[in-house]
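Undergrad: So the sequence lines, in the order shown, correspond to chains R and V. Per this note's numbering, residue 3 is the first one in the first sequence, and the count goes up by one each step. Per this note's numbering, residue 3 is the first one in the second sequence, and the count goes up by one each step.
No lab work stands behind these hints: they were computed from the structure. Among the hints, erroneous ones may be present.
Note that the list lumps identical chains together, so a pair holds whenever it fits in one copy or between two copies.
Dumping the calculated BS3-like pairs for lysine-lysine here, alpha-carbon to alpha-carbon at most 25 Å [claimed, not checked]:
{"#": "1", "residue 1": "K17", "residue 2": "K114"}
{"#": "2", "residue 1": "K92", "residue 2": "K69"}
{"#": "3", "residue 1": "K87", "residue 2": "K20"}
{"#": "4", "residue 1": "K20", "residue 2": "K114"}
{"#": "5", "residue 1": "K69", "residue 2": "K20"}
{"#": "6", "residue 1": "K114", "residue 2": "K69"}
{"#": "7", "residue 1": "K114", "residue 2": "K63"}
{"#": "8", "residue 1": "K17", "residue 2": "K63"}
{"#": "9", "residue 1": "K63", "residue 2": "K20"}
Protein chains: 2
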Amino acid sequence: MTEQYDPNAINLNDKFGKIAKHWSPHILARLNDFHVKAAKVQGEFVWHQHDETDEMFIVHKGTLTIKYRDRDVVLRAGELHVVPKGTPHKPVADAECEILLIEPAGTLNTGKAGGDLTAEEEPWI
Amino acid sequence: MTEQYDPNAINLNDKFGKIAKHWSPHILARLNDFHVKAAKVQGEFVWHQHDETDEMFIVHKGTLTIKYRDRDVVLRAGELHVVPKGTPHKPVADAECEILLIEPAGTLNTGKAGGDLTAEEEPWI
């Protein structure tokens, strides 16, 4: 989908209400070379890493666990966390969770890990 | 202050609870060349623009109005908005409001407008 600019307020509850599929990031906004994405997640994602970039998670609703090889970071609504570039991680959510992802445009959700959960195309919403 | 990396969850209510001064952005995290900042605001900021970068506002609590020359964008809690680079704008909040700002490290809060509200140094929190 073509890049879009929304000149108005972007309401997160409205946007999350339009997302049905889990682990499918939808683009809300561009910020220089970054995309701000909304995703609903539930269950286990794949282990992956982004060799070229940090990745920020902000939890809007629910609880997200970022698993690292040696520890877990538990994020609740109103909490954020940056995964440093090149660091293997695996997001997991026991119950449905709504998150914002902020990372450079073109960042593939599964890094180089591939698999069924790879979102080859991330639509604007 | 030295750049910091918080390896854990960053709780927004905790961070905002530590900020007393209005219009004084505090840095929560680095994301590549961006800083994620928290600010408490109330009253009128100055007209300014950022010629080199977009700037994203996310409202955590309260209501923020972004005034443009020809219109207003009203942002409530759970809403975000990107001010395009080079665009004159003036943030205004009738009551105290808690916001996240996401923009490149080193972005001066008043652009080139200067004045009493310029935050020459933005501390980590």
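Undergrad: Check each numbered hint against the structure and report the violated ones by number, ascending.
TA: 1, 3, 4, 5, 7
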